[in-house]
Structures are given as C-alpha cells and as structure tokens.
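**Q** Sequence:
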Amino acid sequence: NSQITSNKGLNTDQLAGHTQVTAQNINSLSSNMPLCMSQLHAGVKRDHKLKHWGRLQYGLFLKGAGMSMEESMLFFQSLFTKIMTAEQFQKNYSYNIRHMYGKEGKRASYTPYHCKKIIFGQAPQAGDHHGCPFRHYDSNHLGSLLSKLQIGSSSDRAEIMRLSQSQNYQLACLKHFEVTHPGVMGKREVNLDNVGNHPNAWFNASVSYSGGSGGNEQPTAPVTPEKIMEETE
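Going by this note's numbering, the sequence shown runs without a break in its numbering and finishes at 226.
No wet-lab data here; the hints were simulated from the structure. All figures in this text were calculated on a predicted structure; none of them were measured in a lab. Treat the hints loosely; a few may be bogus.
Heads up, simulated DSS-like pairs for lysine-lysine below, C-alpha to C-alpha not over 30 Å straight-line [what the hints assert, rightly or not]:
| no. | residue 1 | residue 2 |
| --- | --- | --- |
| 1 | LYS141 | LYS110 |
| 2 | LYS110 | LYS44 |
| 3 | LYS141 | LYS180 |
| 4 | LYS180 | LYS99 |
| 5 | LYS109 | LYS75 |
| 6 | LYS99 | LYS42 |
| 7 | LYS141 | LYS44 |
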C-alpha cells in the first residue's frame, strides 16, 4: 500500500504550537484535534477517567501541544475528581503526570506519540479510548462516527473509509484533514509538514488554519465529539 512512512524532518521539540493550551481552553481546541485525540478528549470528558495507554497517548499529546505540567494536572484533576476524591487523584495519578514531564523517576523527557507508534502500539480493549480510529475501529463504528461528525461529503467519507479499509490509515487521516480544512493547500502560512505522520503536526496545522485561536474554521464538524460519545453509549 501507499502508507506514509517517513518522519524525515520531524523535530518533536518543535511540535508545540504558538497557541497557549490550557485546562480552560482545551475544550474549544478539541475541534482542532485529529480523530484519535478528539476521541480521547471526548472519552475522558464522558467517563471522567482514562486507562493507562489512553493517559499516555493523550497526556503526551497535550504536552506536545504546549500544555504545561501544571495545566495538565489541573485538566485531569478537574475531570477525574468527578468520580474520586482529590486525595485519590493525587495518590494514583499525579505522579504519572509529573513523570511524563520528566519531573519524576529517571527524569527523562518523553515525547508525544507519532502515528506509527499509535497504529502499531497497544491495541485498545473494552473501555479504552486510545489507538487510531482508522486502524482500530470496525467499519460500522468508523462510518457511523464520520457521518455523525459530518466529516465532508458522502463521497469524502467513502474515500476515507476506502483508505482505512485498504490499510492506508495515515492517508485516511490526511484525507480527514483535507476535507475539514477547505482550501488549506492555498494557505502558505499553514505548515502541513508531517500532518499525516504526527497528531501534533495535524493539530498545529489546524490551529494555524483557524487563525491561531482554535475551533474558528471547522465548518464540517458542527457536532462536538462529546455529543457523539453520548449518542454511541
């Protein structure tokens, strides 16, 4: 197949965009996320928790998007403490967040997951929200999600489904970006490098397309991810 395989030129230290990402504005910025991350965002908003691989995938994405450790702690604590006490959150989850930011353990600097790692990494099980929807969702689930999110036209969705079913998962994601950002190829200020290789590159390009504030120019996605999660429970 014609899967995108190159990460040439990708510098994860430069993935963070110019928009400040905080616990307060992450909901509005979720419309600028690729499907893998918007599904994680919707999942944690609905369930008020994420399992291990979901916390890693989404937590490192937020770090790469420019969210500080303090804001990440605020974000996850505000959601998790809807089903647990603040003491339970601090005991069971705060260490992991500090660890992701290199403040605990061997104090390594962990980088956000690129597409290949998500596609070929730990597959999601029941109750999980991590992974790549184009790789891990069955055709009925993916097709229903694309329709409910109103991604492009019916022919656009059919092309995304075709790419997904032919195992061109990253090309399906690239098509998703293309149809939800009309005219993006003509915008020189939008850096499209690695949009099909890395969720953070997808996010940064989308925020740049929207004018730097996030969520301003997403005409094909008026239905929020949270609403979709509610409807598919």
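**Q** For a C-alpha distance cap of 30 Å, please report whether LYS110 and LYS44 respect it.
**A** With a Cα-Cα distance of about 17 Å, the restraint between LYS110 and LYS44 holds, given a limit of 30 Å.
**Q** Holds or violated: LYS141 with LYS44, Cα cutoff 30 Å?
**A** This hinted pair holds, its Cα atoms lying about 25 Å apart.
**Q** Could you grab the alpha-carbon distance between LYS141 and LYS180 and see if it respects the 30 Å cut-off?
**A** holds, 28 Å
**Q** Hey, LYS109 versus LYS75, does the alpha-carbon distance stay inside 30 Å?
**A** Violated: LYS109 and LYS75 sit about 33 Å apart, past 30 Å.
**Q** Given the hint that LYS141 pairs with LYS110, test it: the Cα-Cα distance must not exceed 30 Å.
**A** holds, 27 Å
**Q** Run the distance test for LYS99 versus LYS42: straight-line Cα separation, threshold 30 Å.
**A** At roughly 26 Å apart (the allowed maximum being 30 Å), LYS42 and LYS99 satisfy the hint.
**Q** Taken at face value, is the distance from the CA of LYS99 to the CA of LYS180 at most 30 Å?
**A** With Cα atoms ~42 Å apart, LYS180 and LYS99 exceed 30 Å; violated.
Violated hints for the displayed structure, listed by number in ascending order: 4, 5.
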